[in-house]
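Engineer: Listed here are the chains, written in short residue letters.
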Amino acid sequence: MKKTYNGSCHCGKVRFQALIDLAAGTGKCNCSICMKSRGWGAIVTPEEFTLLSGEEDLSSYQFGSHSAEHLFCRTCGIKSFGRGNVPQIGGAYVSVNVTCLDDVTLEELSTAPVRHMDGRNNNWFEVPAEVRYL
Amino acid sequence: MPWRRLASALSSKAMKSSRARTAAGCGVPPPGAAEKVGSAVARFQRDGTLGRAGRACHALGRLPFLAPHLPETHKMKYEGSCHCGRVKFEAEGEITSAMACNCSMCQRRGSLLWFVPRDAMRLLTPEENANTYLFNKHAIRHRFCPNCGIQPYSEATNPKGEPMAAINVRCIEGIDLAAVPVTHFDGRSR
Numbered sequence: 000m001k002k003t004y005n006g007s008c009h010c011g012k013v014r015f016q017a018l019i020d021l022a023a024g025t026g027k028c029n030c031s032i033c034m035k036s037r038g039w040g041a042i043v044t045p046e047e048f049t050l051l052s053g054e055e056d057l058s059s060y061q062f063g064s065h066s067a068e069h070l071f072c073r074t075c076g077i078k079s080f081g082r083g084n085v086p087q088i089g090g091a092y093v094s095v096n097v098t099c100l101d102d103v104t105l106e107e108l109s110t111a112p113v114r115h116m117d118g119r120n121n122n123w124f125e126v127p128a129e130v131r132y133l
Numbered sequence: 000m001p002w003r004r005l006a007s008a009l010s011s012k013a014m015k016s017s018r019a020r021t022a023a024g025c026g027v028p029p030p031g032a033a034e035k036v037g038s039a040v041a042r043f044q045r046d047g048t049l050g051r052a053g054r055a056c057h058a059l060g061r062l063p064f065l066a067p068h069l070p071e072t073h074k075m076k077y078e079g080s081c082h083c084g085r086v087k088f089e090a091e092g093e094i095t096s097a098m099a100c101n102c103s104m105c106q107r108r109g110s111l112l113w114f115v116p117r118d119a120m121r122l123l124t125p126e127e128n129a130n131t132y133l134f135n136k137h138a139i140r141h142r143f144c145p146n147c148g149i150q151p152y153s154e155a156t157n158p159k160g161e162p163m164a165a166i167n168v169r170c171i172e173g174i175d176l177a178a179v180p181v182t183h184f185d186g187r188s189r
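Note that the protein sequences, when read in sequence, are chains A and B. In terms of numbering that gives the first Met the number 0, the first sequence has 74 at position 75, counting the first letter as 1, and numbering is strictly consecutive. In terms of numbering that gives the first Met the number 0, the second sequence has 136 at position 137, counting the first letter as 1, and numbering is strictly consecutive.
Pulled out of the complex, with its shape left as it was, chain A reads as follows (with noise of 0.2 angstroms):
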């Protein structure tokens, strides 16, 4: 079911609303960035993602095929969302790291499914061999 959780950086600068279902799934990916960041995100729409502060305090940072925005808060260097457009999963997203939320439950996150990705090897939607360490 989907809910509307609040979510931040650590210092509190960016803050945002994002109404998720949690357990329709999370995902976790063992790309480049991801190994670096334990990207663990839930993908949103955009209209599902409210930006309740912070737009001046997030830098941007990309790289490769450039189609996603890897924004993280300036002051602190948490990555709490980043945004893109993927055809394949629908067009413009944003995907929420949810251990930035901070009115999830333990057992919400805990139970949330997770879908792993072999990013790592442009393989996105199967998962890849080894995912202990993601």
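Think of the hints as simulated: they come from the structure by calculation, not from any bench.
Derived pair list, reagent style DSS-like, types lysine-lysine, alpha-carbon separation capped at 30 angstroms: (1) B:Lys136 - B:Lys87; (2) A:Lys12 - B:Lys87; (3) B:Lys136 - A:Lys12.
Model the placement of chain B on the given structure of chain A, informed by the hints.
Structural biologist: Same frame as chain A, but now just chain B:
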């Protein structure tokens, strides 16, 4: 020495990989090693001086025994970086385990931390290439790349006053992360 018992007790999984097997080199854990490790962990958790609520990560100062004071002959050199390469480092030691913490910062970062004496880590890029984030008691300098946002390391001093680095092993190149035993630390409750 606690570090040796910890390394032995936790290395059974690590020893499955050839790299870890080479690195461990300690043979099988001695009888009672696991119990002694548990005792050491419990002592540090019980006697730590930083327990309090709020946004804090005390792991860097609370687990100094993870620092690998290994003989020179057992040390390996690792290289790592942020994503874009603006922050690069090398570190000497043995990655016998890494720590995952659930405090307000570590939960968001998802870091797997390897503690080394600060002088065992050498920056290959200028110090000022990494931004610093401080919070709470400002005891830990969280160093992240201002270009890509990745946090390869933090700096602090342990309870003995020795400069330490907590390296995010996710940022180290060429290691078998799945073979690194992970210890979990309940930083959120402290």
